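Under the working numbering, the first residue of the sequence shown is numbered 50, with each subsequent residue one higher.
Warning: the hint list may mix true and false statements.
Claimed, not checked - Straight line, CA to CA, 20 Å or less: simulated SDA-like cross-link-like pairs of lysine to any residue:
hint : residue 1 : residue 2
1    : LYS70     : ARG55
2    : LYS70     : GLN84
3    : LYS121    : VAL80
4    : LYS121    : TYR78
5    : LYS121    : LEU85
6    : LYS70     : ARG53
7    : LYS121    : PRO77
8    : LYS121    : ARG79
9    : LYS121    : ASP76
10   : LYS121    : GLY82
11   : LYS121    : THR75
12   : LYS121    : ILE81
13   : LYS70     : ILE88
14   : LYS70     : ILE81
15   : LYS70     : VAL80
16   : LYS121    : SER109
17   : LYS121    : LYS70
18   : LYS121    : MET110
19   : LYS121    : GLU59
20   : LYS121    : GLN84
21   : LYS121    : LEU111
22   : LYS70     : ARG90
Treat the hints as calculated values from the structure; they're not laboratory data. Everything numeric in this text was worked out from a predicted model, so none of it was measured.
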Amino acid sequence: MTLRVRVNTEIPPDTAILRRKLLPATDPYRVIGEQLGDIARDEDLAELYEPTGREAVWPSMLALVTVFQFQKDLPDREAA
Numbered sequence: 050m051t052l053r054v055r056v057n058t059e060i061p062p063d064t065a066i067l068r069r070k071l072l073p074a075t076d077p078y079r080v081i082g083e084q085l086g087d088i089a090r091d092e093d094l095a096e097l098y099e100p101t102g103r104e105a106v107w108p109s110m111l112a113l114v115t116v117f118q119f120q121k122d123l124p125d126r127e128a129a
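Please put together the full structure from these sequences, using the hints given.
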């Protein structure tokens, strides 16, 4: 699978405003989402992907889903 290049990694302003309105600063989903970008960067994992082939999901997105799945104690089938 090939790693797709992200054109824009910034959160759109209207989404950021909505996030601040709906999720308090201490909400675990907000904290994880904001801090995971600093921990799991796509560039750091790019060498694990083939240069050709079908486009894959970004590793940072997979990491975020995995953390949320673990937090809710969901098996793979339920998380999917």
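Results for each hint:
| no. | hint | result |
| --- | --- | --- |
| 1 | LYS70 with ARG55 | 27 Å, violated |
| 2 | LYS70 with GLN84 | 19 Å, holds |
| 3 | LYS121 with VAL80 | 15 Å, holds |
| 4 | LYS121 with TYR78 | 11 Å, holds |
| 5 | LYS121 with LEU85 | 17 Å, holds |
| 6 | LYS70 with ARG53 | 31 Å, violated |
| 7 | LYS121 with PRO77 | 11 Å, holds |
| 8 | LYS121 with ARG79 | 15 Å, holds |
| 9 | LYS121 with ASP76 | 14 Å, holds |
| 10 | LYS121 with GLY82 | 15 Å, holds |
| 11 | LYS121 with THR75 | 17 Å, holds |
| 12 | LYS121 with ILE81 | 13 Å, holds |
| 13 | LYS70 with ILE88 | 25 Å, violated |
| 14 | LYS70 with ILE81 | 17 Å, holds |
| 15 | LYS70 with VAL80 | 14 Å, holds |
| 16 | LYS121 with SER109 | 19 Å, holds |
| 17 | LYS121 with LYS70 | 23 Å, violated |
| 18 | LYS121 with MET110 | 17 Å, holds |
| 19 | LYS121 with GLU59 | 27 Å, violated |
| 20 | LYS121 with GLN84 | 18 Å, holds |
| 21 | LYS121 with LEU111 | 15 Å, holds |
| 22 | LYS70 with ARG90 | 27 Å, violated |
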